[in-house]
Every structure is written in C-alpha cells, then in structure tokens.
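A.B. asks: Read off the chains here:
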Amino acid sequence: MTVAVSPRTRPIQCTALTTGSVLFWVAAIVWVFFRADYWTYVVSAAIPLAVGSLGLLVLQGWAREISLASAALFGSALYYYGWLSRPDNLGHGYPWVVAALLAIGGVTVLMMVVAAASVRLPGIYLVVITLGLQVTLEKSVFPQGKLSGGISGGTELGQSITNPRPYFFGLDISGDRTMYYFLLGWLALIVLVLVRLRHSPAGRAFLLVGADRQAAAAVGISPLRYRTAAFATSGALAGMAGVLACWLYINPPVFINYLSPTSLLLLAIPVLAGRDAIGWVLVIACFDQVLPMALEAQHINVFLLAGVGLIGGAFTGPRGIGGRMADLRRRFFGDSDRAHRRRAAALLASEQTDVLTTVADWLGHRETPAGSALSVSDVRVHIDGLTILDGATLDVPAGSFVGLIGPNGAGKSTLLDVISGVRPANAGTVALFGQDVTHTAAWRRPRMGMSRVFQSTRIIEDLTVADNLLLGAHHRLNMPTAAYLAGLRPAWDASGRAEAVARAVATLLKIDDRWEDRAGELSFSGRRRIEIGRALLAGPRLLLLDEPAAGLDPNSAKAMFDLLRQLHAELGLTIVLVEHNVTSVLETCDLVHVLAEGKVLASGTPAEITANTEVRDRYLGNRLRYTAVGSAG
Amino acid sequence: MSDVVVATEALSVGYGSYIVLSDVNAHVAAGEIVTLVGLNGAGKSTLLKTLIGTNPVLAGRIILGGKDATKWPAHRRVAAGVGFSPEGRRVFVNMSVEANLLVGAASLPQSRERRGLDRVLALFPELRGRLEQRAGTLSGGEQQMLAIGRALMPGPRLLLVEEPSQGLAPVVIDRVYDALAAIAADGVAVLIAEQFQQVREDVSDRVLVIDAGRVTEYQPAGDLL
Amino acid sequence: MDVHLTLWKQVLVLGVAEAGLYALLPIALVLSYRVSRTIAFVHGGIAASSALLYWWFVFDNPIVPGYRPQLPPFLGLCVVVAISAAMGAAYGIGVTIPKIAALPRMTLTVVSLGAMMIAIGIFTSTLKVVPESIPPSPFGNGRVTVFDVVLTSLRLATLTMSVVLVIALAAFLSMSRTGRHLKAISDDLEASAWCGVKVAKVGAGVHTAAGAVAGLAGALIAAQSGPDPINLILFLLRGLTIAIVGGLMSLPLALAASLVVGIVETALTVGIVGPYSLGRNEFILNAILLVLIMSVARLRPREFYLLERQSL
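Residue numbers (my numbering), protein chains in the order written: chain A, -7 to 625; chain B, 39 to 263; chain C, 288 to 599.
Bound conformation, chain A alone:
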C-alpha cells in the first residue's frame, strides 16, 4: 500500500520544500556575499536568539504554557558552557561536547523541575514560578565573575574572559563568514528536527495537551508526560541557544541582556509569529537583531522600537503573522490550492477499499459482544461539601445503545467524568469490560477500549481536520519519537497507514472534503463529527458521548443519531450517550437510565421509563410525546 505524501508522512518534503522555505534558505546562504562583514556578525547574533525563540514556540505556541525565565536560562547556559569549556585557569577546560551536554542538560533539568512543580497548579502559578526562577538566576548566576565577567567584564581576579572557538574537526571557524555558516548549519539541523517533531505523534500530542488536557487523556495521551516533554524541549533549545551564542561571542555579553524585560519581550515572539509558524519566528528574531542596528543612525530608542513592534505585531490578529499570511495565501492562491487538494483526494479515494471495512479493521473486534461493557457501582462524589453523586449504579451490556437522561445538576457530566477517569470518585467502582478501572489514570483508559466525546467541542481549531483526526490514533502508533526525528521510514509509514484509516473515518463521517481545511472553519456539526472521528480512531469498543446533538438543528440532530446507530450496528460499538433531548433518546436507545439528584432513579426500556410515574412527576412532565423505538430500528 502506497503511503500518501502529506505533511504527516513526509514533513520535510511537504513543508520545508515550499517556495517560501526554499527562498528563505537560499537567501540566508547567499546574502552574505553581498554585504559587509559587520552585518554578517549582526545576523549571526540573530541565530542563537532564533533558537531560543523556537524553544518558546514549542512551549508557548504548541503546549500553551508560559515561561518568564527564557532569558535567564539562555544566559545561564551561555555562561556555564563558556566556563566549562574555557581552557587554562579561566574554566574547566572540558571538551566542547561534554561542556555543551552539561550546560544544555542543566537547563533542561531546571525546566523539567518547573514542569513538575506546576503540573497540578493553574496557569498563573507558572508565571510566578518562572518569574521566580528568572530573578533567582539573575541574582545567583549572573553576578559571578568567573561565569559572566560580572559587571566589570572580568573574573574576580581581574582577568578578562575570552571564549574559545570550539575545535570542530579541523574547521577554522574564527572568521565572521565561516562562523555564520557554521551557526546557520546548526540552525538548519535544529529546524529540520523541529519540523519532524511537529508532524510526529509527539508534536501533535504537545498541541492537544496544550489545548485541552482532558481531551488529550480521552485519546490515550498522557498529559503529564507530554507537558514535561514540552518543557524539556524548550529548555534544551534554550540551552542550545546559549551554547551557539557562546561560540559566537568572543567575550561573554553583559548580563543586562538577559534580565526579566528580555524574558517579557521573548514571550511576545510566538504570539507575534503565530502558533505554527517556525519560519516567521526566524524572521522576527532576525528583525529583532537587525532593525535596532539598521536604525541606530536615526537614534531611534530601543524601547520605542520594541513597543511599536509589539503593538504592530499584536494587531496582525490572534493567529499572528503566520496565520495572517496563511489567510492571504488562501485568498490569492486558494483556487489552485483547492484544485491540488481535490486531485490528491481523488488519488487517495481511488485507492480506498470499502470505507467501512477499513474502519472496522482498525477497530479490530468482530466477535459478537458479550458481557458487560461498563459497570458502575455505588459511585459517590462530593465536591466542596455538596454531594453530586450519591450512590449511582448502572450497567451497560456490551453491544447495546444506552441513553442517560436527567435534569440539569443531576450529575450526568460528573458521572461521565468518573467513568472516563477525569474525576476520581470518593467511593464506588467502575469496571470496563470486566476490568476494574476505578483507580486507572484517565489517559490509560482509551487503551482499554473506551473513548469519550465531550459536550463542548474540544478540537484544535487552528489545526487541519487531518491533524485533529490523526490525534485519535496516538496510542496506536507505537514507534519511538526518536525514530520520527531521525526520519526513519518505518515510523513515518506507520503514520501514513493511520492517515489512510483517518481518511476512511472522515469519509464515513462525511467530512473528507474538508480534509486539509482548518477545523475552525467547519460548521458546528462538522466540528462535532471531527470529535467523533477522533474518538473512533482511538479504536474503542465503548463510545461515550456527552450530548452529541446539543446545539444541532433537527435535521442535523437526526443525522447524528442515525450516524450513531450506524456505528453501533455496523461496527459493533457499545454506545452510551448523555442527552437532554429526551425525545431523541427515547426514540433511539435500547436502554435508558434516568439520573436524578446523584442517583439512578430508574433504568429500563423507553416504554418502561415513560410509564414510570416517579420519573414523570420529577422530570418528564406530562406534555412529552414520542414515538416508540423499534420503528426507528
């Protein structure tokens, strides 16, 4: 089976070989021959800054976490690497590889500590913790003469500090131009790895964990693991930036450059460039270095320049310059883009076997379901002294189509939270296909066969439909991230096979014509279907849906219920849905549980439920009419 060429299978081919990209790199290589050496030095200085900014792109742009410590980490890595590698009695004289690994490692560990310290805390604590880290580093690392030269530019003993240029397999990199190409080479390597990271399962996981941790757990992604990884990546990049800078600067730069205002300004770079815009981060970093120099003759104040840049950039819109450029490109080249996409889609469609078979194969199970799919027993939940669930017990037989109804505040969403593992119960048990999962972490439950679709659509609006769907397959792709970063074919081909299944799911859900569109552009019901598709790609045997028809017009709602019945009948899925639309539930479900005041008030077929007087009095009222199930088939 041939693997389709897409950013998710051949990322370098698709993203790095675009016109814009090629022009950028050619220009970056060639321009040096047209300008004086002084500018070579200035642009070289932009490269470490760019690498540090890429670290912030990963942390803030992808994983949506804040760090106010980036400047201090950069500076600390710079100073420590210099000190570790300097020969004679100015430093330790380690070989550059060892010194680099130590410096980068140290900074990475610091970031992982920050990640661990802030994992269960709301976002604002990260502001406080990283700010504290920044000022602590400023006050403890920077003033040390042996590291940074202190205020006087020399060690405590009065010696001036010079950084050695590293020995690099005989290359003489002391000239400005050779240093520039040396750094540019490292930058290219880093960008290559980052592009691969972005399109690997790990990169997508960063994005989902950043957008919504619960949604990530619902498809089998460990929020803890990937959040920490994002912090570590960001730290490593800051460390690399420090090492690169140390190679560039003959004397370590004064630490005023790495104080908190710089951290604040660096914060703005991913916001200005746009979440997914590696290229624009590079451009902005370059502007950041070049513009003050270029305008120096005009004596334009640096603060003023920064302020105008920030405000101007902020007004390019919520998706930054990258987003705005993508919109413009869509407007001017939209038609040719769309035609290209349609051709690619047609190519892929011709290779599709029966869509349903593909999806069913992915889901794996074909045997008749037996036993209990889900068993909730005497679950109690107390929040802030209020009892939300007061001994809820229900059973979902495998292969059934079950509805859960009840008034607002009855605890339906809380019950789903307990079942999916998002919230621990104070008492009671939950069993999935016979296995006790009461204490299993939420992100492990998808591997055991359960998938959840949330009430509010928790997709990533900025990503394509394709990326969103493929997130569901995360726990089915078991190749290590290192394989993806190294560009190993087996890893990327595995992604390709998952993409083909995702394609089939999209066709099944009738969103395949929007495959490469931004998810945010789809209608409300389209977005709902993306979420269902993502849940399907996780390969569940049990599908939990929280108000799937909420907010849909009658036709779309009916289509939604028809779709669910189709999935139930043709793929053998057990389906549990929570719904407010009582009529629809009574018309389509085999089994209905009524939840009221934290307990299951009644369980039975729709006919039994409507006949139940207690349910009538407390919930249904007497005006409700419906047509019996069976006719809905």
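Some clues are possibly wrong.
Unchecked claim - Under the rule of at most 27 Å between Cα atoms (straight-line distance), these lysine-lysine pairs were calculated in the DSSO-like manner:
| hint | chain 1 | residue 1 | chain 2 | residue 2 |
| --- | --- | --- | --- | --- |
| 1 | C | Lys488 | C | Lys470 |
| 2 | C | Lys296 | C | Lys386 |
| 3 | B | Lys109 | C | Lys386 |
| 4 | C | Lys488 | B | Lys105 |
| 5 | A | Lys550 | A | Lys502 |
| 6 | C | Lys488 | B | Lys109 |
| 7 | C | Lys488 | C | Lys386 |
The set of hints was computed from the structure by calculation and includes no laboratory data.
Here the structure of chain A is known, so what remains is to put chains B and C in place on it, guided by the hints.
C.D. replies: Here is chains B and C on its own, set in the frame of chain A:
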C-alpha cells in the same frame, strides 16, 4: 391597537462583513410574546445581541418606542427600556442573588435601585429566601429566573430572552414559561429565541422562523420542523 | 538577648516601612485586572515614565547640565501623578474601544507590554536623565523615630499613603455602587453591559485611577533609588507576584503580601538567616511568596476564581 415597542426596518445583522440575516422586518407589540426559532448559528443570538446593542447593525434600522435606536450603545438602550436574559443565563456567579438584581438596575439612578426588587421577588418567590446566596450555587432553573429577574429590575418595556429552556428539566421549563406569560400579561413585549424542539406554541402569540438568512412569520398550516 | 530583640525590632519596623513602596504597584495591577482581566504591564511603563519625569521636574543638582524646571519636590510629585493619571486614562480609553476589547487576552497582554515599552521609549529619548542620581524626596529629609527605629519621612509617608489607599479603595469597591458594578464587570463583562452598566466609562475611570497610583509609585521609587527604567520594571514584576497573592483581585491581601515581602527582604538583607547571598535570598523570597499564593488559593478560593481559569 396595541403599542409596537420594537420594530426593525430592513435590518441586516452579522459579524464584520459576514451577513447572517438580511432584510429583517419584525416587530413586537406590548403584551405580546413572539418566539424566534432557528437552527444553531442561524442568527437568533446575533439578532438579539444586535437588538440589545452589543452587535453593530450592518444595515437597516431599529426603532425603539418610536425612536431610531440604531446607533445607540447598549447602556442607552437598557435605559430606554430593553432587558436581556442571555443564553446560558450569565449570572454574576460570585455575587449574591440580591447583588445580581441590583446590578440589573444599573441604568436607574441610585435612589430608585431597589424599586424593582419587590416586583421581581413577587414574580419569582423562589429567589426570596436566597437573596444572600451566591448566584453560582443556584440550580439551573433558579439561575434562569435570576437572569430574567435581573433583566426586569428597571421595569423594561421589552424583554429579550435567549433560549430560556437550555439545560433545564421539562418541569422547570414549564415554570419559566409561566413566568414569561405573566410578564407579558403585565404589558411587557417579550421576544424569545428558542431551539426548534423547545418552541411553545401554546404560549406564543406569534412565531418567527429564521430560514436561509431571512425571517418569516410562521403560518400554522405549514410544518414547523 | 537584648541585641537580638533590637535587631528584630529594627527588621520589623524597617521591613514594614519598606513594604509601603512594594504595595503601590500591586494596587494598580489589581484595579486594572478587575476591570480588564489582563495583566496591565502598561503600569510598569507609567511608573517608569513617572520616575523619569519626576527626576526631570525636580532634580536640582547644577553639576548635571541641561534644562530642568526644578520644581519644589512635592509639587513635582503632584504634577507627575496628574500626568500618570492622564496616561492611564489614555490607555483605558484605548482598550475599551469595542474592536480592541474584543481581542483575545494574550494579544491584549502583548499590547499592554508594547504600551509599556512605548511609554518608556518616549521618555528615555526625550528627557536627558542620569539614572543613577537620586532626585530629592517630596516629603523633605526629616527623620522620624518609631519604636526606637529611625525612619526617613519619605519611607513613613510612602507607607501611610499605601495603607490609606488600600483601605479607601477596598471600602469603595465593596460598599459603593460603582464598586458593585466593577465587581460585575470582573465577573462577566458582556453581561454587565447587558444590565446597563457603562462599561467603557467605568473601565476608563478605573484605569485612570490605576495610572495615578502607578505614577505615584514611580516617583516615590525614583526618590528612593533613582529613576532607572529597568529597576522600575523589576519593581513591577515583584509587584505582580505580590498582587497574585491576592488573586489579582484583593487589595488587602496584596497589602498583607507586601508586608511579608518587606519584612522578609529586610531580614535576609540584614543577614538573619546567615551570610548575605543575593541568589539565595531571592530564592527564599520567591519560595515564600509561592507558599503564600498557594495558601491563599486554598483558604480563600473566592479571590482566585478568575485567575485559575486563565493566566495570561
């Protein structure tokens, strides 16, 4: 002949340059209950938010009590007698029920702030015993009553209600609609935006349907769905 | 034993006096957060500009060349506070324009950061200021003895103003009608507009007051340690952490946090915990603040309800 409280003339509403509804000619008279039905995203919310003034008018006019209110900011329309109970209730969760109601009277001078309180509590006695309670701890139905009560505090002539049945049990929805009927009986013009499944034809005097960007009056002979 | 007690008394009194300076910027940040739910970095700019302006209006050493009005210090303080209020008003009117108010929160934070930079840029490029030199105090050079500890009149006046401001503003916010409307705006801005609250007017008014307080802070900091803009930004960031102790919503908690910071910092500087080490002192101070924040979040979750839902 009943008093027309609000009328729109060739009104177009939307976001930026994206038009959601065009050429809307609707009106609500005093004491009338008019229900506006439409799909999600069809424009019910946009129309109501344009009437209350937080969405700019793209074309056409809004006439409020005989005056052209098209360019009036929200607080001026509230002062002119428009009340709004938004989708999702949007009560001030960290303030008490009483504080919520008092903020509702923001358009009145300070001396008259508490006047509407008795009227609202008479309409919603469920709130009477909960005046000191934090609004966030109320049940869905109580929050809906609070939202409507808050909108009624300055004694408006027009009440806009957005999806009052959202997330409520059928018995509670009945209670809310009883209250809305009583409000209309008092002479207030009431415009309710609802989902198709929740329309109460028994309570409404007229039903307006949004279809493909236009608003038309529903003729009982046709099928609502 | 006696020496120890004297030392502790000095630390306490000096620490409390120090806290007065730390309490001002948090007041500005809390006021702005209540109305806009964003961290108003612009106040760093207003404070820095005010510091530079105060220096320029009031510095009277003839050795430094260049024209300066050389106003009496107290008058200079009043002028600078008025200018800061105007800057706050300008910012407040700018961010309540519907188009701008509708921008996402992170973008507004970046805009606030940009406004801070522009303010600093304008005044560093137009005024010739020597950042290391300290302008005269607006409260004279007198000395007052409190509990056997000698304080400058500047320190005492700063402390008094901070405490009075916190008490007055807290009372106003909790008991007045505008305060109630402001609380509603913090809770749900759109819904307050639908209730008839004049959001733009309240917003502009609050930002004007916040700007004035930031300006006051800037001038007083300049009078104590010079008008260096970087120093002012550092004060803002310290003020941000202090304000976060109160969930960016509570003025009394911010004041309490400033007292803790003032006392702890003085104690560390004096060397109570051991020999002086900048880095370690900074670490201890930040750790204590973090613990404070977590305690308040646990004990008074009401103050944190907004912050916990979104940070920047």
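A.B. asks: Now, for every hint given, state plainly whether the structure supports it.
C.D. replies: Comparing the hints with the structure gives:
1. For the hint pairing lysine 488 of chain C with lysine 470 of chain C, the CA-to-CA distance comes to about 14 Å; that is within 27 Å, so the pair holds.
2. Our distance criterion of 27 Å between C-alpha atoms is broken by lysine 296 of chain C and lysine 386 of chain C, whose separation comes to about 54 Å.
3. Taking the CA atoms of lysine 109 of chain B and lysine 386 of chain C, the gap is near 16 Å; set against the 27 Å cutoff, the hint holds.
4. Taking the CA atoms of lysine 488 of chain C and lysine 105 of chain B, the gap is near 24 Å; set against the 27 Å cutoff, the hint holds.
5. Restraint check for lysine 550 of chain A and lysine 502 of chain A: the C-alpha separation of about 15 Å stays at or below 27 Å, so the hint holds.
6. Between lysine 488 of chain C and lysine 109 of chain B the CA atoms are separated by roughly 18 Å; this keeps the pair inside 27 Å, and the hint holds.
7. With a C-alpha separation of about 16 Å, the suggested pairing of lysine 488 of chain C with lysine 386 of chain C holds against the 27 Å cut-off.
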